[in-house]
Each structure stands twice: as structure tokens, then as C-alpha cells.
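Asker: Now for the letters of each chain:
Protein chains: 4
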Amino acid sequence: MTNKKTIRVGILGASGYTGAELIRLLCRHPDVEIVLLTADRHAGLPVSDVFPHLFGLGLPNLIKIDEVEWHGVEADIIFCALPHGTTQEIVAGLLHHTGHDVIDELITERREDLIAGIPDGVRVIDLSADFRLENVDTYAQWYGHAHRAPQLQAEAVYGLTEFARDDIRDARLVACPGCYPTSALLPLIPLIGAGQIDADDIIIDAKSGVTGAGRAAKEASLFGEVSEGIHAYGVAGHRHGPEIEQGLAQAAGRDILVNFTPHLVPMNRGILSTIYVRLEGGATAADLHETLSKRYAAEPFVDVVPEGVSPATRHVRGSNHSLLGVFPDRVKGRAIILSVLDNLVKGASGQAVQNMNVMCGLPETLSLEQRPLFP
Amino acid sequence: MTNKKTIRVGILGASGYTGAELIRLLCRHPDVEIVLLTADRHAGLPVSDVFPHLFGLGLPNLIKIDEVEWHGVEADIIFCALPHGTTQEIVAGLLHHTGHDVIDELITERREDLIAGIPDGVRVIDLSADFRLENVDTYAQWYGHAHRAPQLQAEAVYGLTEFARDDIRDARLVACPGCYPTSALLPLIPLIGAGQIDADDIIIDAKSGVTGAGRAAKEASLFGEVSEGIHAYGVAGHRHGPEIEQGLAQAAGRDILVNFTPHLVPMNRGILSTIYVRLEGGATAADLHETLSKRYAAEPFVDVVPEGVSPATRHVRGSNHSLLGVFPDRVKGRAIILSVLDNLVKGASGQAVQNMNVMCGLPETLSLEQRPLFP
Amino acid sequence: MTNKKTIRVGILGASGYTGAELIRLLCRHPDVEIVLLTADRHAGLPVSDVFPHLFGLGLPNLIKIDEVEWHGVEADIIFCALPHGTTQEIVAGLLHHTGHDVIDELITERREDLIAGIPDGVRVIDLSADFRLENVDTYAQWYGHAHRAPQLQAEAVYGLTEFARDDIRDARLVACPGCYPTSALLPLIPLIGAGQIDADDIIIDAKSGVTGAGRAAKEASLFGEVSEGIHAYGVAGHRHGPEIEQGLAQAAGRDILVNFTPHLVPMNRGILSTIYVRLEGGATAADLHETLSKRYAAEPFVDVVPEGVSPATRHVRGSNHSLLGVFPDRVKGRAIILSVLDNLVKGASGQAVQNMNVMCGLPETLSLEQRPLFP
Amino acid sequence: MTNKKTIRVGILGASGYTGAELIRLLCRHPDVEIVLLTADRHAGLPVSDVFPHLFGLGLPNLIKIDEVEWHGVEADIIFCALPHGTTQEIVAGLLHHTGHDVIDELITERREDLIAGIPDGVRVIDLSADFRLENVDTYAQWYGHAHRAPQLQAEAVYGLTEFARDDIRDARLVACPGCYPTSALLPLIPLIGAGQIDADDIIIDAKSGVTGAGRAAKEASLFGEVSEGIHAYGVAGHRHGPEIEQGLAQAAGRDILVNFTPHLVPMNRGILSTIYVRLEGGATAADLHETLSKRYAAEPFVDVVPEGVSPATRHVRGSNHSLLGVFPDRVKGRAIILSVLDNLVKGASGQAVQNMNVMCGLPETLSLEQRPLFP
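Chains as they are written, first to last, in the working numbering: chain Y, 179 to 553; chain Z, 179 to 553; chain G, 179 to 553; chain D, 179 to 553.
These are computed hints drawn from the structure, not numbers from a lab. It cannot be assumed that every hint is accurate.
One copy or two, it doesn't matter: identical chains are merged, so the pair holds either way.
No more than 25 Å apart at the CA atoms, straight line, and that leaves these computed lysine to aspartate or glutamate pairs for DMTMM-like [stated by the list, open to error]:
#, residue 1, residue 2
1, LYS242, ASP481
2, LYS396, GLU485
3, LYS472, GLU547
4, LYS510, ASP315
5, LYS510, ASP379
6, LYS242, GLU252
7, LYS472, ASP209
8, LYS510, ASP244
9, LYS472, ASP227
10, LYS510, ASP376
11, LYS242, ASP378
12, LYS242, GLU267
13, LYS510, GLU458
14, LYS510, ASP378
Turn these sequences into a full structure, and let the hints steer you where they fit.
Answerer: Put into C-alpha cells, the structure is as follows:
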């Protein structure tokens, strides 16, 4: 490996769980050098003070995002692992997209000065929800404020890798899908495309591990509050609902409304989506299984388990794999689809790295080859 | 309380989790004396050797069921907490129901001699699945062998307390509902009865704690296999499916087929059933909430949470309470029902004690007043 | 039970875990009426909004402590379940102990006015660490600020029930022991008293569930941070160290220094103290077992398990019981003592209620009869 | 990488947790080909049926150990991940060590025929306890039966890599240390060697995850039995005690007896040993820290955390790293050592692979570079 091949990477928001996962994966990437790590509350500390499992990696210390000396950074790829709602203006700055009024207001003098130093060629992979919804009105409706970089939104590529490679390859800005949407869209897009299920009768009962709520200190994420129990949350009102619908609508060629009900499970990692569908056009569960098997035969990170097998989240823990299963329902004309992934990997940081590999013309599996950790 | 009122109780199968729960609850019952505890593998031991949390209660030691000297037992109520498939012949013996050919064959000489000593008035509360399905053909289909006491089946009362008090009061044999069916039937029976939901479009996505699998030493129940993950099991083939359908069919007045998909959650106790229904007759989610609120207003163990609240299994842990919630779906004409209970209490031993209280003319809440344990 | 017997109880700090446990236990007490519940952040809400498992109890809503209209409260017993460091001045106010300068400064005009209404006969049971250390200098050294009610400290009774009944009976102020100290002192005081162990060579390796850290939203208590792992904390510097030493010094009649190392275990409830001791005076492990067995033979809440049995925290979960075990070490002249309890019950709220029963001349076990919940 | 470099590996006992870990690690080793996998109960199945997380690896199916056609295997390295007590005769067969009477009796005609085909050069890495104790009398005393291959025992190398590289390099038979001994010996051997601690006053309070008990279906390992609680087991009688003492005795040059008390923690992976030592020769805790830091400065898998930092098992989860910490005790002249590792990796399969790398003259870190998985 020559120096020429090295991709210089920055991670904004490196003190959250997705930030830590990016480091964990990228530190073993043969072509990547991590040159920048920001984390506001922990600025000044070495990464291993914040994440002791990431010791001995020779990484740069954490710094405040406002104190980045962009002139010297020379990053090729910036991963944004910042909270929702804070990313639009920062990305706008990163991409010199200061023509828009809102941005101009938001960018302070000092920051403008700083970001003037960002190299023109920098590309952004955003893990937040800020650029996922193409329709900025839908964004405003679900996220409670006007979109702060609508022109960039038009340019952003929705990075569900298996369905957007061509666009990702040349994108300046990739919006990585949410964890729930990834788990729902992987099985549903091909089935809607094949006309084998009724896109108007889809129920997605999803179950997630607790890291999906991030590392913020909230009472609702305390061990005492979430261990030894299960509950639904965001019933009929979770923000990943419209994101799922956006993907399904594109597959169906028309607006789609789904039932999406997330649940919190006392485990660290993993999403299981149990999806109830009505069959169409005479399709059987076996036909669905065949459609998915064919669609994903050549994909390195999506596997269809044999008929009769129920995939478990623990069988993809820590890896970038997604497993899909199909069962016939006892009710005639219905089927049950099971989809599992690790919310921090294929549902977030792993898919982000997969997209980076696509953007850089590298084999997609680089630094993502690790097998699941079980038990 | 005088000695006269004392109910003498025996528990067959006291070394399983439901047996231990019966002891935990009954040892605080003011009118109950535990006079008999059987457990084949652990025969000869004090209960506290098998369940150290049940120390210091002055209980009889465990004995083999075949070695019970029934003449001296003088029990009023026998709880059967035995594995499925072993209970029919034992209950037949307990109830002197030896006229049936199959039973006559099964009952050995020694056992016949022993059970001759069982007092005529003994009554049986069965926690297994052996007497739950009224149709013995359905039983044979799902449990893999012919019913061994079909005449008793005709007499057995399905003990969903809130719907069968009158029959339970005088029953000789009460079949306690399964944990999943209890959690599904409590909300669904009133709603079908009110004509507010389509009984042909019901999806029950259920999540259970690990104690639902009992205390048998199975690889699939090891900590390493079930912690830190979730998976569906028995997809479209779980035996509680036909039991749920039996209850719904009675409410609807016709045969019903449901989708019922159970999942295993890394927690000890609790069931959450997330139920997806289609509204009928112009009903709204608010109407469903009202129907359930009215139906259960006077019930001590079923509570309907306020609209917008999502009930959690940890909020009923260790108690006999069931909590029901209703949400409108974003999809027009649909609603989501959430039902939680503790599978070992309202889903098994607690409901069994509740039924005993009914059978003995006692306040239903006796020895079931304990609040949930949280965290 | 007549109205006359009713004890009117207030709980300050009812939105934490120990507050919730007090409610759970007291709501079943035949002689107690809860008349006051304070919780600053959640003021105005019903308890069931903060603790959904405490529904349907007909309790007063939560109010701010500063807004209590003490004139109308007429409480007999006030439980203080407030954070460490905030309790001294509040208790001083409750007990009209305003002669002390520091208190006089601290008590604002409005509060002074309010607490003027507190009935003279009110008695306080404090669950915080604020009144546990008799030596106010030791307090200042470990808690970082001068004691704010040193005169009251002189009056406070250290409420390890089994060793202080006579003083507790007439106390105005009982300081309930910490969870770790309770688990260490129960076995060690009698053994030091009997001269069977060397008080200068005691190592206490303690393991606690996560609720010991309270319900405050801290990163360190998040599910993701504490599940699936174990670590020591406060090594050689935990504040319960001097509290343990105070109790041991009283038993030994001289100053004692111990090694006390707490660990955080991924479970909600429970403390296990594994205590390594050197035998003295020719004593054997069997002698220790006998000493403890005799000492606790008549105690309702301390049980010594048979020799060779290892007590587990899960066997006291949710109950006020403590279990003690003794093993001979392979190293000659040494023994291992195992002590378990539920940190929220015997380690906090249960012992507080036990003390209330003593203070009110009631049977000690009232409302504490519940068996452990297992699994 | 040329074919020449390929190491052909067999794994006996591939359906247990350590077997699965060997596969997980080795499947990414650039120089290894897995040519043989045995598992008696699951013979005939693909690995992914037994361990669904190991899908898509193109591995040979599982076969019974008695049905291996050794003539065709041509393995260079055989890993034995079989239960304790079954390995001695099998290893004797593998190494053509049939001169011993006991072995001759044990090896059946068919097996003798088969193992005749084993290539002369095969080398064995044993993960069981069968060859760890040099003194066969100690083995017999603790394992309940005479050693079945005492001549091989004399040849076996105790594979604590950091202390036995030279012997491991040329060994035919390496006995990998137990998980607890690895965690205790790594810090204690250098400190005893430096004369800084009293080898006669060592207390090892160890805490392990549940996978340490293996994948056997035992009631004691059920989720319901081990979650939400902690307990000590094998108090003063665990078989890893003499193994630890053997290592310490070699460091001290005389017999040593330690207190070793293991505890079961509700987590999948990880061991934390909290070790209480008495300082000698005027050493301080800082001296201990320095001794360990120097000793392990060049070791890739042993790290000494900064003073004041408490290492956690979750910070080495899934990796081959061990972390060591040192704290001064408040009791003068004493210190506390904290040692963590993943029991399935550095405590078993990872160290086995590390030893294989040494045996084959490869960089020790090959296929062990993966970072810990957190959360």
C-alpha cells in the first residue's frame, strides 16, 4: 500500500456510539488514515479516555468542532456522526455551500473563516437524519423546523448502498439511511418491485437494542429503565416512518403509508423487523424467498437464510451483515418477513464505511470483513 | 379467619417456574395451607434446595408423584404445573375418571390403588395446555397425540377469569389459559364483541421473556443463547395460535384465523403483545379505548392505560396485573393495541390462584395484592 | 384496625428508586397512610406518571419540597430519600433545629415560615448518607463540605435495625445505613464481637446492581455502558468505606481500617459482599457459622444458609431478607463470608420501613412479608 | 500468499463456544485453511446450522471424531476444544503415543486403525484442562481420575504465551491455560518475580461471564438462573485454583497456596480478577505499576492502564487483549490489582491462536487484530 492510496478521514461527533464504531472499523482499514476527531464535551481528551476499548491506536485527540483548523486538515472524507438537527449547517459549511440565506446567517464569522480552509474536494458521509428525506416539507413536518440546507438536500444521495451504488460513487454528500429503514427497505424494495406484495398493507413491527438511542445521558436509557422489560415507543409517530415510506414509494411509483411500530429491547445492539405483508399476483412465500435470494445473491452483506430458518440479531452482532427470512403465514395470502442487522454497523457506521469504499473505488468489504461476535 | 376456612392445596410439578410462583403467591394466602408438593427429579429434597428464594416457609418436602399417599393428603385443590402432554391421565386419575378406555390402560395397578384414596371433592386447576382446547381433534393436530381424557375435556372450564367466573365457581377442572392467549384475548374479546374490529384481519406480534420456556435444561434457553439478542420462533406454527383462535371464535361466533408470531426477548418475565387491527363499523381508536375502559372498569387485574401511553412489561413484573393500551395507526382505519402481563403471574400461576379464589368463594385478589417490582 | 392506629407518612424525594420502593412497600402496610410525596423535577404529576408500576393507589400528587404547606400535612413520620448533601438542612428544618448558625443561614424566609408548621412530634427516617457518620470531621473529609447540622448528628441513631432497636424505638432521627455497610456489618459485627476474626485483616469485595447509582441520568448508568460487563469503581476511595469502619470500630472497641472494593454488576438489584477474613483465637469457619446462626436465630430478616451453600442475590430480590454464608478457605486460618441482600430493600427502603415499625411499636415485619421474586 | 504457507488446521469439538471462537478468528487468518471440524452430537451438519453467525465461510461439515478419515486429513495443527477429561486419550492417539498401557486399552481397534493415518508432524493445541497440571497426582486429586497420558504430560508446554514462547515454538503439545489462571498469572508472575508482593498472602476474587460454563445444556446456565443476579461458586474448591498455584509456585520457587473465589456474572464474556496483595520489600503500588508496565511494554496483547483507571471487561470484549490496573489500598502495605480479559479469546481460543502463530513462526497478532466490540 502506497501513500498515494491513503484516504484521510475526519469524524465529527466521535464521542457517540456511531462515532466509536467508525473508529473501530476504520482503524483496520488498509487505505484509511484518521486525521480529525471532534467531540465538543470531551474536547482535549484522547479517544481512549472516552472509549477505553479504543486504546493504543495512535489517534489524534478530540477537539471542538469550532476549533478545527480546517486549513491544515486536508481530509478527503468527513463522516458526520452528529445529533439530528445540527448537521445541516455544518455540512453546508463543509461543502462551501454558503449561498443560501439560512446558512449565511447561521455561519458565524469565525466559523466562516475556518471553513474557508476546507479543501474543495472534501466529501461528506452523514449518519444523521438531516439529509435523508428528499422532500424538505416532510422534513419540516417530522423534525419540527425548516430544512437549513435545501439546495444541498437536492444533491444528497440516499445511501442504501445496495440500491444506490452509481449515485454514491460520485456523490459529494451521502445521507446514510436510518437503522430501522435499512432493515425494512432491504427486503421490501425488491418485493414491491417484483409486484409480489401489496404496498398498501405493510405492517413493520420493529425491535431495537438500546444503543439506537445513542449515548446521551437520558433517564429513559438507564440500565434500570430498560433492562428486564420491553415496550413500544413512538407508536405511529416515529421519524423513521416517513423515511421508510419514501423508499417504498420510490419502489412502488406512488405514495405509500405503512404501519411502523418500534420497540425497545434490553440488548445493546441489533434490530429485528418482523414485517407482515399481503401477497399479490398469486405470489407465495416461496416466491418471495426466491426473489430476495436472486436479488441478493451477489451482495456481500445481505444474506437470505434458508426457508424455515428464523434469523436472530445476535447472529449479525458487530458485523455489517443483514439476514433476511421469509415464512408463509397461516392466513391465506399473507407472509411474514424477518430482517435483522446490527443497528450500529449495517444500520449506521458499517454502511457508512461501505459507502466510503464505493465513493473511493475500493472493494466494498474493506475493513468490514469481521465475523459476527457470538455469544 | 378460623381453621375451618383453610383450603388444603397440593401442587404437582413444584420444581418448575410456575410451581415456584404458586408457592410464592400461596404462602401469603390467609386461607391456604400447602399440604403436598411433587417433583420427580428432586424428590426427597426440601423446596429451598430447589428454589433457595423459598426458604423458611415450613413446607412439606418434595415427593415423587407416584409415591403420593393420596389417602392421607386430603387436599381440596390440586394445581397441576406439569409439562404439556403428561397431565391428562394424571388429572383423569385425580378426578376418578377411570371409565374411559385410554385412561384405564394408562393407569397402572399401583397408581390406581393410590388414587383410589383421593377424596371425592378434590378439584383441579391445570396450568398445562392439556385441557385448553375444546376440540379434541384440534388438540391432536397441534399436540401430536390423541387426547387422553376427552370426556374430562368436555367438562373442563377455560379459566380466563374475567370471562368465565360463573363456570369457574363450580368447576371440578379449570384449564388455565396460556400466557400468550391471556395477553391477546383480554383486549380482543371485548372489541370483537363490540363489532369494532375485523376479526379476519388480526396480527399479533408477541414478545416474551425467557421463563416462558420453563426451567428445562435446553441449549436454546441458555444465557449465552438468548441474552443480547432477539428472534422470532414458532413462526406461523406456535401452539398458542389455535388457543387464541378458539377464544376469538367464541367472541365472533365463527371460525377465526389469526397471525400470531412470538419472539424471545432477553428478560426473565413479561409478555408484550402488539396487536394490529382493522377498525369496523366506523369505530376509532378512541372508541376501542372506551370499550376496553368500560369493560375492565371493575376488574381488579386489568387496567387500561391513558391514551398515548405505551404500557411496558416491567410495569407489571411480579404482579397479576395486565395493562392495555390503544393507539390510532397512521394508516386510516387501523389501530394498534398493546397488552402486557407477567407470563408467570397473570399468564400462569397468578391467574391460577385467582381462579382458586373464585372456586372457593373468596375475594379474587387474595394473595395477589403485591405491587409490581420495578426496577 | 382503627383509624387511631394510622401512621401518617411523608416521603421527600419520591421520584428516585428508593422513594418508589418506599411507596411499593408502604402501600400495603395496614397502619400507614401516605399523605405527602415530594419530587422537585416532577412536581405536579401523579406518581404513576413517574413510576407507571405504581398505578391505581390513590396517592397524593408529587409536589415541590419548597411548596409543601406543612401546617396541613400532619405527618407522623417523614422519610427522606433525597440525594446526599441536601438532607442535613432539610432535616434540621423538619426537626425545628434552627438554633445552629449554618442552618439559620440556609433556611430562607419562606421555608422558615413553612416549616414553622411542622408538628412537633414529627420523626425523620433518613435514607441518605447525611447523618450516618458520627464523627463530623470524618463526614467533612469524605463528603467534601462541613456538616450542616452537627447538633442533630449527635442525636441521630444509626439504624442498623438488628443492632439498634432500643435506640431506634425512641429516636427522632434515624439514619438508615448504606447498602454496602448493611451487607458488610451484618456478618462482621457479631464475629468481631466474638473475637473470632482479626479486625485488622478484612477484605470486602462487594458487587452491586445498577440501581445503587440511583435514577439520575448519568452516562455511566446507561444500559450501553453497564450491561454485558463488570468493573470495579471507587477503588480504595468509596464513601461507604468509613461507614463500614465506623461500625466495625464500635464492635472492636478501637479504630479499624478495611479494604472495601465495590464493583458494578449488570443487574438491577442486589449486593453480594465476599468478605475475606483471618481467623483468631483458634476459631474455625464452622465456629463462625455457629456464631452467626445463634446471633440471627430470632431475627426475621437475617438468615444463615447451611454450610456449603453459596447465597445468591437473586434469592433475596425484592425482599427485606439478608442471607449469610461461611466457607473455610484453603489457606489455613482463613475463611470466606458471603453476604447478600437487595440494595433497594434491606439496603435502603425496606430497612427504613423496618425502622419505622420499630419506632411505632409495630411488628417489625409489617408490609415486609413479601417473598423474593425469582427469576 | 502462496500455497506453501498454508497451515492446515483441524478443530476437535467445534460445536462449543471455544470451537466457534476458533473458527471466528481463524477464518480471517491469511495463512490458515480449516480442513476438519468434529462435533459428535451435530455430526453431518454444516457449521452454520449449529452456529448461524458462522455462515457463508465454505467450511467442511461437522463429523464425528470417531469417523475422521485421518489418512486424508493432512492437518498441521489440531486444536482440541473438547470437554475436560476426554482429551488425554485423544491427544495420545493424535501424537501416536500408544506405548502407555492406559492408552492402549482405551484406544479401540477401529480408532487405532484410523489414527494410524495421522501424519507424523501433526501438532496439538489443547484448550481443555487435561494437560495443564504438570504434577499428575495433583491432576488426579482435582479431576477425580488418574491421568491417562502421563508421558505426554511431561512433554506438554503450558501455553501462557507471554512466558513460554521459546518452548511453545517447538512444542508438539501445547496446553492452553484456563481463563481464570491467565487473568491471574499475567499480573502476578512479574510481581512475584520482582519480589514486590508476598506470595503467601494473595486473594483472587474473580468474576466471570456465563460462557465460561460452556454450551452444555445445564439448568445452572439457563437465562432464568443466571441473569439479574450474582453468586460465588466453587468457593475454595475450584479446579483453576491449583493451576494458578502452579504458575505462582514457579515464579516464587516454592509451593504457594492462594485464595481463589470465582463468581458468576450475568454477562456473556469477560473475566475480572480483583487481586488483593501485601507489598514486600518496601514496594509501593506505583512500583507494581512500573514493574508491570515495563514487563508488558513490548507485548501486543497485555496493556497496563494508567494509574487511577479501573479496567472493565467490556473494554476487551471479543479481543485478545488483557488490561491490567494497580491501585494502592487504604490499608498500609497493601495493593489492589485489577485484571480483565475476554474468557473466550485471551482466556481460551485467542490465546490458542496466538500460540499457533508462535508455533508456526508467524507474527503473533495474525487474525487477532480485531478491536474490542463496545457496547
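Asker: Each hint: holds or not?
Answerer: These are the hints, each one checked on the structure:
In this homomeric assembly, LYS242 and ASP481 never come within 25 Å of each other (Cα to Cα): the closest approach is 40 Å inside a single copy and 29 Å across copies. For the identical chains of this complex, LYS396 and GLU485 are inter-copy neighbours only, at 24 Å across copies versus 41 Å inside a copy, given an alpha-carbon limit of 25 Å. In this homomeric assembly, LYS472 and GLU547 come within 25 Å of each other (Cα to Cα) only inside a single copy, at 22 Å, whereas the closest approach across copies is 34 Å. For the homomeric pair LYS510 and ASP315, the shortest alpha-carbon distance between copies (21 Å) is at most 25 Å, but the shortest distance inside one copy (39 Å) is not.
Taking the shortest Cα distances, LYS510 and ASP379 sit within 25 Å of each other both inside one copy (14 Å) and across copies (11 Å). When the C-alpha separation of LYS242 and GLU252 is checked against a cutoff of 25 Å, the pair qualifies only within one copy, where the shortest distance is 17 Å, while the shortest distance between copies is 54 Å. With identical chains, the CA atoms of LYS472 and ASP209 are never at most 25 Å apart, being 32 Å at best within one copy and 33 Å at best between copies. Taking the shortest alpha-carbon separations for LYS510 and ASP244, neither the intra-copy value of 59 Å nor the inter-copy value of 46 Å comes in at or below 25 Å.
Taking the shortest alpha-carbon separations for LYS472 and ASP227, only the inter-copy value of 22 Å comes in at or below 25 Å, while the best intra-copy value is 46 Å. Taking the closest pair of Cα atoms, LYS510 and ASP376 come within 25 Å of each other both inside a single copy (14 Å) and across two copies (16 Å). Within a single copy, LYS242 and ASP378 get their C-alpha atoms no closer than 46 Å, and across copies no closer than 50 Å, so neither meets the 25 Å cut-off. Taking the shortest Cα distances, LYS242 and GLU267 sit within 25 Å of each other inside one copy (16 Å), while across copies they are farther apart (40 Å).
For the identical chains of this complex, LYS510 and GLU458 are neighbours both inside a copy (11 Å) and across copies (21 Å), given an alpha-carbon limit of 25 Å. In this assembly of identical chains, the alpha carbons of LYS510 and ASP378 lie at most 25 Å apart whether taken from the same copy (17 Å) or from different copies (11 Å).
In terms of the numbered hints stated before, the structure departs from hints 1, 7, 8 and 11, listed from lowest to highest.
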